[in-house]
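Asks: Listed below are the residues making up each chain.
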Amino acid sequence: MTGTWTDPTSAFDPEKPFRTVTTDDYMSPEAIWDETRRFKVPTYGVGRLRYYYKWPGHGSMLWRRLRYWPTRRTVLRFRGEYNPKTLRREKTIVDKRPIWWILGFIAMAIAPLFAPEEGQGALLAAAAVFFIYAAINLCWMLIIGTAGIFSLASFAVAGAAAYGSALLSIQFGLPWWTLPILGSVIGLVFGIIIAIPAIRLEGFYYALLTLGLVELCRVYVIQSKVFGSATGGLYGADSYIPEDWSEHAQLMLGYYASGAVMLAALTLFRFVNGKRLGRILRMAPEKREAFAEAVGVNYRAARIWVFLISSLAIGAIGGFYAAHFRGASPNLFAFDTLLLSLSMLVIGGLGRAEGAVVGTLIVVFVDRVLIDWGPLRLVLIGCLMLFVVLFLRGGLFGIKPQFRAWRDKKKSERRSSRAEKGGEMLPEEATETPDKDLLFFRRFDKMQREFLKKLVTDQVIAEHRQNPLGQHSEALERLLTYFRRQPTVEKYAITVVEPFKSYRLVALSGVRGVAPRLVEDKIYHSPEEAHHGLFLRRVQDLLES
Amino acid sequence: MDWGFVFANALTLACIYGTLAIGISITWSSLGLINMAYGFIFSISGYGAWLTAQHISENGLIVILAGVLTGAVSGMVVCALAFIPIHDKPNFTVRGLIATLAISMIGTQALLWYFGPRSKSLPPLFGDWSLPILGMNMTADKVGAVVSSIVLLAVVLAWMRSSRRGLEIRAMMMNPHAAAIVGIGVRRTGFYVMALTGGLAGLASVLLSQTYYIGPFSGITPMIKGVSVALCGGLGSVLGAVIAAGLLGINEAMTSLLLGGHIVLITQFLLIIIILLIRPRGIAGILDRAREA
Chain A
1 MTGTWTDPTS
11 AFDPEKPFRT
21 VTTDDYMSPE
31 AIWDETRRFK
41 VPTYGVGRLR
51 YYYKWPGHGS
61 MLWRRLRYWP
71 TRRTVLRFRG
81 EYNPKTLRRE
91 KTIVDKRPIW
101 WILGFIAMAI
111 APLFAPEEGQ
121 GALLAAAAVF
131 FIYAAINLCW
141 MLIIGTAGIF
151 SLASFAVAGA
161 AAYGSALLSI
171 QFGLPWWTLP
181 ILGSVIGLVF
191 GIIIAIPAIR
201 LEGFYYALLT
211 LGLVELCRVY
221 VIQSKVFGSA
231 TGGLYGADSY
241 IPEDWSEHAQ
251 LMLGYYASGA
261 VMLAALTLFR
271 FVNGKRLGRI
281 LRMAPEKREA
291 FAEAVGVNYR
301 AARIWVFLIS
311 SLAIGAIGGF
321 YAAHFRGASP
331 NLFAFDTLLL
341 SLSMLVIGGL
351 GRAEGAVVGT
361 LIVVFVDRVL
371 IDWGPLRLVL
381 IGCLMLFVVL
391 FLRGGLFGIK
401 PQFRAWRDKK
411 KSERRSSRAE
421 KGGEMLPEEA
431 TETPDKDLLF
441 FRRFDKMQRE
451 FLKKLVTDQV
461 IAEHRQNPLG
471 QHSEALERLL
481 TYFRRQPTVE
491 KYAITVVEPF
501 KSYRLVALSG
511 VRGVAPRLVE
521 DKIYHSPEEA
531 HHGLFLRRVQ
541 DLLES
Chain B
546 MDWGFVFANA
556 LTLACIYGTL
566 AIGISITWSS
576 LGLINMAYGF
586 IFSISGYGAW
596 LTAQHISENG
606 LIVILAGVLT
616 GAVSGMVVCA
626 LAFIPIHDKP
636 NFTVRGLIAT
646 LAISMIGTQA
656 LLWYFGPRSK
666 SLPPLFGDWS
676 LPILGMNMTA
686 DKVGAVVSSI
696 VLLAVVLAWM
706 RSSRRGLEIR
716 AMMMNPHAAA
726 IVGIGVRRTG
736 FYVMALTGGL
746 AGLASVLLSQ
756 TYYIGPFSGI
766 TPMIKGVSVA
776 LCGGLGSVLG
786 AVIAAGLLGI
796 NEAMTSLLLG
806 GHIVLITQFL
816 LIIIILLIRP
826 RGIAGILDRA
836 REA
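Chains as they are written, first to last, in the working numbering: chain A, 1 to 545; chain B, 546 to 838.
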């Protein structure tokens, strides 16, 4: 690793041979810089970074927006920005949910065409049940998620509306299209009755009370002769499905009609949750009512409104239920139904429309299609629900934000555990230093010292002993320049005790008027010797730093 | 009107509901958990007692003990599943409620799957005698139910007043954070509480099975009744639960005598709603935010 350095000043005296010294090879001072700057912290693959597809955007189309009536919203929410590298206009879709919804609607519309031939009837019937349950769950989600009222009575409202309208239809021979209207009236009345305690009670008191109400309805319906305690349900209501159609056509009509009901429920959800009422209610979640009230949000009125609106809607869906199934069964009030529908909401994620729909899809699929499993399928649903509740914060659709939060936490943990990149100062010291140049200087100085340490070799020391002053090889020159540039405080110097006879090493105080202190007892007998001793001392200090 | 009959019925019902409601109440106030798996604990301890009666012994004491033990063990299982993992996580109350509901669903369906839908009945635990007191005829099961529930409740309350563990539980009921700060293990106390309340549910189950049957879903109605009694008495108050159990027991006995059995639930809930409208935190519930954790 050693090279040979030729003194360029040898050329001044061509009589003599060139002076050469063995010395270090050339070493780039940038090597240390690059090595220090290199990212040596182990990074673990925690998912990929956020990635958005960038659509090209034309300048003239910048302000063109497609809005849909009656809202002032654009069909897709875009963010327009300039790419800082290419300086081109780009568009990013901020919220891709509308795309997924539309794809889902298309899938639902064409799904019956692709249903397998055998078991098509069961599948279509299950799909109709899914649509109706999803509609009820969407309205219920308004109460539980948006309004934050933990009411368990929504299936009781639906059941009451179904029973009431079916009874009226049977008694008075009312046509099918009156059933949802009757149902909504019954639902509204029920909603008002249930809402009265909701004004005074809070949280769990209300949940337990409504649970009791459901049980009350169940026992009443099971025992009441009018509601068919003997036949296990009330059947014979008028239906919108004509009896004389073929079975397949009846199923298809039921499928699309229930699908339309779910669409209507989605629209309602969107208009309540996404507008003024929803904003007010999300302003006043449970346990922060006092704050909302203090800033002038009338959350009580908003809660009652949401409650009544969704009771009305649930009642209408109950009426549709009666018209769809030609009656009602006490199953609507069963504790299991309540649990299943709660699990639909929970699995999907409380407070989201897509959560209600997808959760219902999953649970209805397990419950209605895997019917061979017997009680095990409810066990499966229960396990799913338990898993979701124990490990997820917002159901299936909360996985993404939860994962991101976790990843951010991990990232910041790793960032804070990095000691190397922080430089010479401790992090807390660094934040409190007003002169940030100091941070960079110390860091630079550290890197420089690291580099210089590598230059200290036997050859360099031998070269200095031979020739302390005068032309030096590159390595030695770098070392000496660094030493020369050090501050005066505690800088070594040579003091002459007796000219040409004795020299000693001192350290300067750096303060005017204060004498330098003696460093060692050793006495050097020539200036060269003294220079070399001083050099060795500095090298020693450098290696120790 | 047969006042003696009404009184006897009311007393029996009050004792059984009180046993249930005090369990729910203690769980809520010390752990902050509404244990909706209570009905499942109720059913499974009935099955435990039934299995014991089938395979080990028909001795009343042993059967009761088996029911109480099964209840305590399943209470601890519920604690391990639904309290330990989430009690320090955000939104614990709602998540705990849903988790216990899920456990209830899994458990009852598993019972249905394993034992089948046919209900079982226990042998008479207290013999066949009857005791005329004050001109009314107290049958053995009623006397047994009243005596054993009162004895067990008295033992539990005395234990909670006098023992170290009871002190810990009461400290948790008053202020869980402060209790944790002075070194009371939240998780350990959770296990004690759930074992205790599970045992109480087991006892109520065995006692009620003298009049009803044991089935996979037989726990739901008693649980809802127990929850309503606890609610009416004020969640977290043992005294309130006792008062409410007495009131609702009298109401149930009177209604079934005067108006007929099918109106019982309606008057029950009307009574509860009226009480809650007057006192939104129940009869003896602490007003305002006593427990925010």
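Incorrect hints may appear among the rest.
Covered by chain A, according to a simulated footprint, are these stretches of chain B (three or more residues, beta-carbon under 8 Å) [as the list claims (entries may be wrong)]:
(1) 606-612
(2) 617-624
(3) 637-651
(4) 692-703
(5) 724-733
Which residues of chain B face chain A? A few of them, derived with a C-beta cut under 8 Å, are [stated by the list, open to error]:
(6) I631
(7) A716
(8) V772
(9) L776
(10) T800
(11) F814
(12) I828
(13) A829
Bear in mind the hints are in silico, worked out from the structure with no lab data behind them. Here the structure is a predicted model, which means the values were calculated and not measured. Glycine included, each C-beta is placed from N, C-alpha and C at the ideal position.
Asks: Now tell me, hint by hint, if it's right for this structure.
Replies: Here is how each hint holds up against the structure:
1. 606-612: violated (count 0)
2. 617-624: violated (count 0)
3. 637-651: holds (count 12)
4. 692-703: With 0 residues close enough to chain A, the hint is violated.
5. 724-733: Per the Cβ count (0), the hint is violated.
6. I631: Check passed: Cβ of B/I631 comes within 6 Å of chain A, closer than 8 Å.
7. A716: It is violated, given that the least Cβ distance between B/A716 and chain A is near 22 Å, above 8 Å.
8. V772: holds (5 Å)
9. L776: holds (5 Å)
10. T800: Violated - the Cβ of B/T800 stays beyond 8 Å from chain A, reaching only about 13 Å at its closest.
11. F814: holds (5 Å)
12. I828: For B/I828, the interface hint is violated, since the closest Cβ of chain A sits about 13 Å away, which is over 8 Å.
13. A829: violated (14 Å)
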